[in-house]
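Sequences listed follow chains A and B, in order.
Per our numbering, the first sequence starts with residue 1, numbered consecutively.
Per our numbering, the second sequence starts with residue 1, numbered consecutively.
No lab work stands behind these hints, which were simulated from the structure alone.
Subject to a maximum C-alpha distance of 25 Å in a straight line, what follows is the list of computed PhoX-like cross-link-like pairs (lysine-lysine):
(1) K65(B) x K65(A)
(2) K65(A) x K18(A)
(3) K105(B) x K43(B)
(4) K187(B) x K113(B)
(5) K105(A) x K187(A)
(6) K105(B) x K187(B)
(7) K119(B) x K18(B)
(8) K43(A) x K105(A)
(9) K43(A) x K18(A)
(10) K113(A) x K187(A)
(11) K119(B) x K105(B)
(12) K43(B) x K187(B)
(13) K43(B) x K119(B)
(14) K43(B) x K18(B)
(15) K43(B) x K222(A)
(16) K119(A) x K43(A)
(17) K119(B) x K187(B)
(18) K43(A) x K187(A)
(19) K105(B) x K222(A)
(20) K18(B) x K65(B)
(21) K105(A) x K119(A)
(22) K119(A) x K187(B)
(23) K119(A) x K18(A)
(24) K187(A) x K187(B)
(25) K43(A) x K222(B)
(26) K187(A) x K105(B)
(27) K105(A) x K187(B)
(28) K119(A) x K187(A)
(29) K222(B) x K105(A)
(30) K119(B) x K187(A)
There are 2 protein chains.
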Amino acid sequence: MRNRFDAQLAQLNVELIKMGSLCELVISNSMNGLLEDNDELLKIVEETDPEIDEKEREIETMCFKLMLQQQPVARDLRTISAALKMITDMERIGDQASDIAEIAKYIEGEDSKHHTHLKAMAESAADMVTGAIRSFVERDLDLAYEVMRSDDVVDRHFDEMREDLISMIRSGEDSPELCLDLLMIAKYCERIGDHAVNIAEWVEFAITGVHISEELRNENAKQKGEER
Amino acid sequence: MRNRFDAQLAQLNVELIKMGSLCELVISNSMNGLLEDNDELLKIVEETDPEIDEKEREIETMCFKLMLQQQPVARDLRTISAALKMITDMERIGDQASDIAEIAKYIEGEDSKHHTHLKAMAESAADMVTGAIRSFVERDLDLAYEVMRSDDVVDRHFDEMREDLISMIRSGEDSPELCLDLLMIAKYCERIGDHAVNIAEWVEFAITGVHISEELRNENAKQKGEER
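Make the full structure from the sequences, and use the hints.
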C-alpha cells in the first residue's frame, strides 16, 4: 500500500517538473519573442498555455485521488496540499507569459533600450520557477529560501523600468501606448517572480508544516531587527 | 461523527463569509480612500490586510484538520479543496487592495475625471467577491455563473481607463507618474475581478466536480458557435 502510494507521489513529482518546464518555456519564449520580434516564438507560447492548463487539471486529479485513496499521514497531506497550491501559481505563470506574448504581437516601436531590464527580469523569473520546483522535488529548504530572496532582483528591475518609462513619457519620444504596454509587460514579469516565491513558500510548508507569507517574513525580520 | 463533521463544515462557511467581508471592506476602503483623498480609510486597509492573511491561515488549518480527521467522501473533499483554493484568491484580493492603498497614499494630482471607471470597477469587483462567497455557501451554481459573467464589466472599464490614460499622456496635462500609477490601480481592480471569477470557478468545482477555467469556457463557447 505504502509502496504504491510512494510510487504515485514520485509520479506527482514527475508531473510537477514537467509543468515547471512548460512554464520556463513560455517565460523565455514570450520575452525572446518580444525582444527579437519573433512571431514563431510567440506562437509557441500561445500553443503551450493550454498545455499548462491541462497539466494543472491532470495534477489536480492526481492529488484528489491520492487524498481519497487512503488516509494520508500529515506529512503526505502537506505535500499533496502544497502541490495543489503550487499548480495554481504555475497556471498563473502560464497566463502571465501569455499576456506578455499577446502584447508583444501588437507592440510597435519597441527598441533595445529596455532589453536589459526585461531580459534580466525574465531570466530571473524563469530561474526562480525552476528553483522552486526543484526545491519541492528535492525537499531542499535552503533552495526554497534562495528563491524567495531572488525576488528582490526582479522587483528592483521593475522599479528601474518604471523610472525609465516615466522619463520616456516626459521625453515624448515614444508613443503612450508603447509606454503603457511596456509597464504591463514589466508588471507581468514581476508577477511571475511573485508566483515563484509563492511556490517556494508552499515548499517550506510541505517540509516544515508552516506557511509563511512574505508579509509575515518581513514582519518577523523587522521584529528581530528591533530586538537588537 | 457525521454531525460533528457537518458542524465543522458549517463553521468553515462562517469563516469564509468573514474573510469575504474583510475583502469587501478593503476593496471599498482602498478605492474610497483614493478617490476622496481620505487617509483614515487607507489606514484601515493597512490594518485589515494582516487580518485577511490570518484568516487564510486559520481556514487552511481548519481544512487540513477536516481532511485528516476522517476519510472525507468525494463531495466533502471537493468542498474542502475548493475552500483551500478560494482563500488563496481572497488573500490575493487583500494584497491588491493594499497595493491600491499604497499607491493612493503617495498619488498626487488625481482629479475626478477617472472616478467613473475606478469607482465602477471597485464596486463591481466587491460585488463579485460577495457573490462568489455566497454562491459557495448557498451552493448556488447560477450565482457562480453570474459572477463569472460580471468580469466583462470590469474588463471593459479597464480598457476604457487605458484609452483615457493614453489621451492623458498625449495631452501632457498630468504627470507621467500619475498616469502610470492610475494604470496600476486599474490593473489591480481588474485582478480583483479575476480573483473573484477564480473563486466562482472553484464553487462550480465544489458543486459539479468539474473545474473549468475561463479559457476553457471561451473555447467551449467558440466551438458551440462553430457547430451551428
